[in-house]
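> Listed here are the chains, written in short residue letters.
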Amino acid sequence: MNRLRVIEFEFGDAPFNMALDEAIMRAVGAGKSPPTLRLYGWDPPAVSIGYFQEIREEVDLEFCHEKGIQVVRRLSGGGAVLHTQKELTYSFSVEASDPSVPQDIQGSYLKICAPIISALREVGVPASFRPVNDIEVRGRKISGSAQTRRFGAILQHGTILLGMDYSLLPALKVRAEKLTEKGAKDIAGRITTVAEIIGREVGHEEFSKIIVKKFEDHFNAVAECSVLSEDECIAPMLEERYRSVDWTFRR
Amino acid sequence: MYRERVRKFKDGKLVKVRIVIEGGIIKDARITGDFFAHPEEGIEIIEKELIGKDLCNARQAVESASGGITLIGVRAEDLIAMVQECLDSDA
Numbered sequence: 001m002n003r004l005r006v007i008e009f010e011f012g013d014a015p016f017n018m019a020l021d022e023a024i025m026r027a028v029g030a031g032k033s034p035p036t037l038r039l040y041g042w043d044p045p046a047v048s049i050g051y052f053q054e055i056r057e058e059v060d061l062e063f064c065h066e067k068g069i070q071v072v073r074r075l076s077g078g079g080a081v082l083h084t085q086k087e088l089t090y091s092f093s094v095e096a097s098d099p100s101v102p103q104d105i106q107g108s109y110l111k112i113c114a115p116i117i118s119a120l121r122e123v124g125v126p127a128s129f130r131p132v133n134d135i136e137v138r139g140r141k142i143s144g145s146a147q148t149r150r151f152g153a154i155l156q157h158g159t160i161l162l163g164m165d166y167s168l169l170p171a172l173k174v175r176a177e178k179l180t181e182k183g184a185k186d187i188a189g190r191i192t193t194v195a196e197i198i199g200r201e202v203g204h205e206e207f208s209k210i211i212v213k214k215f216e217d218h219f220n221a222v223a224e225c226s227v228l229s230e231d232e233c234i235a236p237m238l239e240e241r242y243r244s245v246d247w248t249f250r251r
Numbered sequence: 001m002y003r004e005r006v007r008k009f010k011d012g013k014l015v016k017v018r019i020v021i022e023g024g025i026i027k028d029a030r031i032t033g034d035f036f037a038h039p040e041e042g043i044e045i046i047e048k049e050l051i052g053k054d055l056c057n058a059r060q061a062v063e064s065a066s067g068g069i070t071l072i073g074v075r076a077e078d079l080i081a082m083v084q085e086c087l088d089s090d091a
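As given, the protein sequences belong to chains A and B, one line each in that order.
For the first sequence, our numbering gives the first residue as 1, with consecutive numbering after it.
For the second sequence, our numbering gives the first residue as 1, with consecutive numbering after it.
Keep in mind that the hints were calculated from the coordinates and are not lab data.
Errors might be hidden in some of the hints.
Just a few of them, taken from the derived set where beta-carbon distance is under 8 Å, the chain A residues facing chain B [unchecked claim]:
| id | residue |
| --- | --- |
| 1 | Gly-50 |
| 2 | Phe-52 |
| 3 | Arg-56 |
| 4 | Thr-148 |
| 5 | Arg-149 |
| 6 | Phe-151 |
Simulated restraints on C-beta separations [said to hold, decoys possible]:
| id | chain 1 | residue 1 | chain 2 | residue 2 | range |
| --- | --- | --- | --- | --- | --- |
| 7 | A | Gly-68 | B | Gly-23 | 45 to 51 Å |
| 8 | B | Ala-81 | A | Glu-224 | 31 to 37 Å |
| 9 | B | Tyr-2 | A | Gln-103 | 36 to 42 Å |
These figures come from a predicted structure and were not determined experimentally.
Where a beta carbon is used, it is the ideal one built from N, C-alpha and C, also for glycine.
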């Protein structure tokens, strides 16, 4: 890979964030945009649910309504995620045929998580990969990713917990079955954050810069900051779908 | 009436199969959970294929529909077993 386009960090709301990931993925898959790394945050906070999840099983909708937490269904599979304003999210889109990303799914998660792990280590977080799609520190999850492969592209997006607003965790319904599995009492006991590990806050922009540098290293690419292309300006149209009840409640 | 089966797998994924059955025939099928399927539409194809099937041919429906799908967190075999348990419990 020689070019890596970067869409610099900004906060967005949940439907906007998901629509822009999809718009970029479509443009990259159509060969109209180069491989793209986007960094973003969530304002207001949101819950995203996996493509196949049943919303009422996963989300406390009443709590979300009370606290002003948005709920959005992702294009990618996987589990429900609480995105607070302290989280940094990345999304990485490449053409499906790009030789720098392995075809096999496990291999591709590892390849795309590697620069995230390097970035965490650079700030003093002893992070390691946990198959299939998590990054953890001493058995606690600090980052989770999800992939979708469509439109001729691979999109992987994922969380990086710079911090966490634990008061919003009740937005996620936790099932007894999941808890016994990992041997912890609740979600709070299964996750950790950069701030907790290193004892200081790392800003979204500061950490974004480190991630960009690590992607350059790992993908042997030169990063160039960029605005959205004309093709990616379809995002507002896609946004309508992500805001729609039909899409959000389809399962 | 409907039947459902929920299973938790060793990597922590949770999968639910819910089936509407009338007279031993599948009228509707829903597969939900935090697994991954590539392509995602493959799950919707499996659901559609199950409609109109009975205990005897549900397995074949899932097998043929899941041919081109990469599943992570659940196997086609697990889905078949869950569908069969739903149908068995209706018998």
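> With reference to the structure, classify each hint as holding or not holding.
For each hint, the structure was consulted:
1. Gly-50: It holds, given that the least Cβ distance between Gly-50(A) and chain B is near 5 Å, below 8 Å.
2. Phe-52: For Phe-52(A), the interface hint holds, since the closest Cβ of chain B sits about 5 Å away, which is under 8 Å.
3. Arg-56: violated (10 Å)
4. Thr-148: With Cβ-Cβ at 7 Å, under 8 Å, it holds.
5. Arg-149: holds (5 Å)
6. Phe-151: Nearest chain B Cβ about 10 Å off; hint violated.
7. Gly-68(A) <-> Gly-23(B): 45 to 51 Å: With Cβ atoms ~48 Å apart, the hint holds.
8. Ala-81(B) <-> Glu-224(A): 31 to 37 Å: violated (50 Å)
9. Tyr-2(B) <-> Gln-103(A): 36 to 42 Å: holds (38 Å)
The structure does not agree with the numbered hints 3, 6, 8 stated previously, though it agrees with the rest.
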